[in-house]
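Listed in order, the protein sequences are those of chains A and B. Reading the first sequence from the start, the letters are residues 1 to 471 in the numbering used here. Reading the second sequence from the start, the letters are residues 472 to 760 in the numbering used here.
One or more hints might be untrue.
[Claimed, not checked] Pair ranges (Cβ atoms, derived): (1) S716(B) with P154(A): 39 to 49 Å; (2) E229(A) with D740(B): 41 to 51 Å; (3) P730(B) with A285(A): 51 to 61 Å; (4) N109(A) with M651(B): 29 to 39 Å; (5) F372(A) with D740(B): 24 to 34 Å; (6) N109(A) with R524(B): 25 to 35 Å; (7) D301(A) with D688(B): 45 to 55 Å.
Since the hints were made in silico from the structure, they are not lab data. Glycine included, every Cβ here is placed at the ideal spot set by N, Cα and C.
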Amino acid sequence: MSDPVRYDVVIVGSGPAGQKAAIQAAKEDRRVCVVEREQGVGGACVHRGTIPSKTLRETAVHLAGFRLRVGNHVQVTIPPDLQLASLMDRMESVVAAHVKYQDAQLRRNHVEQLNGRARFVGPHELEVETVYGERRRLWGEHIVIATGSRPRTPAEIPIDHEHVLDSDSVLNMAYLPRSLTVLGSGVIASEYATIFAALGVHVTMIDKAERPLAFLDREIQSRFVEAFECNPGCVYVGGASIARVEWDGVSEVVTRLANGWEARSQKLLCALGRVANVEGLDIGAAGLATNERGHIPVDQDCRTVVPHIFAAGDVIGPPSLASTSMEQGRRAMRCALGLPLTAGDELIPAGIYTIPEISSVGLGEAAARKQFGDCLVGRSRFDELARGQIAGCTEGLLKLVADLHGKVLGAQIIGEGATELIHLAQMAAMHGDTVDMFVDKIFNFPTLAEAYRVAAFEIMAQRRARQPAAG
Amino acid sequence: MTGAAAMPATSTLHLSELFRKQIAERRLELPMLPGVAAEVLSLVQQESTDAARLSAVIHRDQTLASNILRVANSVAFAARVSVTSLQQAVSRLGMAQITEIAMAVSVKSRVFANPLCAELLKGLWRHSVITGFFTKEIARLRRRNVEIAFLCGLLHDIGKAVLLSNLDRVVTAGKAQVPMDELTAALHEHHAAAGALLAKEWRMPEQLAEAVVCHHDYDKATKFADSAMMVCLADLVAHFLAPTSLGPAATCEAIRGHPVLAALNLYPDQLAELLGKGDQALQLAESMQ
Numbered sequence: 001m002s003d004p005v006r007y008d009v010v011i012v013g014s015g016p017a018g019q020k021a022a023i024q025a026a027k028e029d030r031r032v033c034v035v036e037r038e039q040g041v042g043g044a045c046v047h048r049g050t051i052p053s054k055t056l057r058e059t060a061v062h063l064a065g066f067r068l069r070v071g072n073h074v075q076v077t078i079p080p081d082l083q084l085a086s087l088m089d090r091m092e093s094v095v096a097a098h099v100k101y102q103d104a105q106l107r108r109n110h111v112e113q114l115n116g117r118a119r120f121v122g123p124h125e126l127e128v129e130t131v132y133g134e135r136r137r138l139w140g141e142h143i144v145i146a147t148g149s150r151p152r153t154p155a156e157i158p159i160d161h162e163h164v165l166d167s168d169s170v171l172n173m174a175y176l177p178r179s180l181t182v183l184g185s186g187v188i189a190s191e192y193a194t195i196f197a198a199l200g201v202h203v204t205m206i207d208k209a210e211r212p213l214a215f216l217d218r219e220i221q222s223r224f225v226e227a228f229e230c231n232p233g234c235v236y237v238g239g240a241s242i243a244r245v246e247w248d249g250v251s252e253v254v255t256r257l258a259n260g261w262e263a264r265s266q267k268l269l270c271a272l273g274r275v276a277n278v279e280g281l282d283i284g285a286a287g288l289a290t291n292e293r294g295h296i297p298v299d300q301d302c303r304t305v306v307p308h309i310f311a312a313g314d315v316i317g318p319p320s321l322a323s324t325s326m327e328q329g330r331r332a333m334r335c336a337l338g339l340p341l342t343a344g345d346e347l348i349p350a351g352i353y354t355i356p357e358i359s360s361v362g363l364g365e366a367a368a369r370k371q372f373g374d375c376l377v378g379r380s381r382f383d384e385l386a387r388g389q390i391a392g393c394t395e396g397l398l399k400l401v402a403d404l405h406g407k408v409l410g411a412q413i414i415g416e417g418a419t420e421l422i423h424l425a426q427m428a429a430m431h432g433d434t435v436d437m438f439v440d441k442i443f444n445f446p447t448l449a450e451a452y453r454v455a456a457f458e459i460m461a462q463r464r465a466r467q468p469a470a471g
Numbered sequence: 472m473t474g475a476a477a478m479p480a481t482s483t484l485h486l487s488e489l490f491r492k493q494i495a496e497r498r499l500e501l502p503m504l505p506g507v508a509a510e511v512l513s514l515v516q517q518e519s520t521d522a523a524r525l526s527a528v529i530h531r532d533q534t535l536a537s538n539i540l541r542v543a544n545s546v547a548f549a550a551r552v553s554v555t556s557l558q559q560a561v562s563r564l565g566m567a568q569i570t571e572i573a574m575a576v577s578v579k580s581r582v583f584a585n586p587l588c589a590e591l592l593k594g595l596w597r598h599s600v601i602t603g604f605f606t607k608e609i610a611r612l613r614r615r616n617v618e619i620a621f622l623c624g625l626l627h628d629i630g631k632a633v634l635l636s637n638l639d640r641v642v643t644a645g646k647a648q649v650p651m652d653e654l655t656a657a658l659h660e661h662h663a664a665a666g667a668l669l670a671k672e673w674r675m676p677e678q679l680a681e682a683v684v685c686h687h688d689y690d691k692a693t694k695f696a697d698s699a700m701m702v703c704l705a706d707l708v709a710h711f712l713a714p715t716s717l718g719p720a721a722t723c724e725a726i727r728g729h730p731v732l733a734a735l736n737l738y739p740d741q742l743a744e745l746l747g748k749g750d751q752a753l754q755l756a757e758s759m760q
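With the hints as constraints, model all of the structure from the sequences given.
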């Protein structure tokens, strides 16, 4: 085999983390090669996760909105033989456009791309095998592992991609099922549960956690469960221990819990976490090993125990959000190339595309009380806002958290537009602003951003009430 | 060409041209979708389908019911205790599998039944079953939904069956045999178009229709390119494992170098895993004869 081709940076994986790492290195005039095992750049985010599921969600949101607005006058039903694909007919074009855009960005920045599976053959060297079995070697001064993750398939759940599905195969079901059991209560489980609920499917969510989305504020969790269970036939079953899942051989998947309770549904989605894509990478040859959860351990700058090798994105574990992965990829590359790094890592927002959507940034109420001993909390319900009433998104809630001086520490929002609205709180927290800013500045009217003013007024009132005690 | 030898035909008439005209002028005789099969196909598409409804539909056709029992008791389905009733078959094999068998049995009896081409149709049927098996396995390997994959593969060459069924009507002018290579070329050239007509006539779901029409030309699939690509590879694998007189024999090298592998992103070890299931495929084909 000929000598390896030498690069300044070799990146394995072209998802959000790999893409941003590549662009960052290219901007510094480094010779970069991205190795991608799938056809087309983008990783699971573009081809199997974020983009396809959000396309289906968009249809579900429109349907739910249409029902809400004209449901009293027009009967809105989904035909029983409707093909799921017809609800996602924009997906191909959305994915193609995204791939094209990302590919063009890499080309514009002279990033070389190689389609194949990579494995380490030494600390600086990788062997890449193409689909046709050809092999070539690459040498990288710096290497970034950004291989992403895939759905976890617990041995006790018989996933057959026909009746018992994972979050990859659920998206190409032929037809909408009448009923669906969702195992799990994390982001992916919650997103799919609410999307299918909005499409009229009877969804049973089952998990050992008492409440879904355990990392969120309890009030937001409660609002989420209320909104989910408002859909006909939808229920969250928490504190559950799954004893057995089996296809009854006829027409239903049976999920039995340890307490004897059972759920029957036409399909089941297993969304019990994801596992890092490290198999076949032979990271041991580079001197690396995974931790007990199967992730590659890194420091705060995404550097592994081998100093010139970095890892970013899902392969290093939670939070496994595309936004976080992008920042990790960029940060890893800046660190590798000795470029200045900025702080602010903890202010990356979390966006959860449930229906209604949820977003959070900074500290929640419980975390703020734990960290500062006390805090001020302002709330604004969307049903109190003119825009909330107009748009019919009255189930929304914004929770603003501030310190005793009114300085913004974080926010949690549930309701349509949450993932956009959260950025105002993010900016305020990053700049150390107090909630007064939301009152002093003029916002458009009517908008949902008005919720910040309402919540800020509440915090200001609490601050006034506490002033003598605060000194 | 055992079947074709018995019929009046001539090589002076260009078979390809005759097929082309028949298709263009909509004069191709399209077999009716058997009533029970139509109902089964419709049931597959309905969310409210349950085992009782499926059994009831199948019970109306005793030939179909007995054929299902025969297949359910075959080696491919490895029943330890013999299946004696349709309900037992449904609960043993599951509704989806029974649906697949029902469709297969119905379509075989109606579309693959021209006695003049019996041998050719038998080979084509075997190839279709094997392609159905591999389409499903490829979908599973790629963690895609396998629900409709078997039917996509099973029906992919149904256009060839339609053309063969029309052969004795199309070729009436001469007495010479149609040379095998001319027949093969003509079938290859026109089977997608004939399949498209049948897909429309039978109101096949879009995914099935695209598999029938686009399995050699998956770039033209508008919605289900992935499905068409899986059928394309399954077709190649089936030709490799069980060559027929109607299709080009595929070599392992040809499969390993085919662009569809890159399109599906299947690596050599995954292809080897797939080829390792050859015996299962052949067993299934045997049981569905």
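Hints the structure fails to honour: Violated hints (numbers, rising): 3, 4, 5 and 6; every other hint is consistent with the structure.
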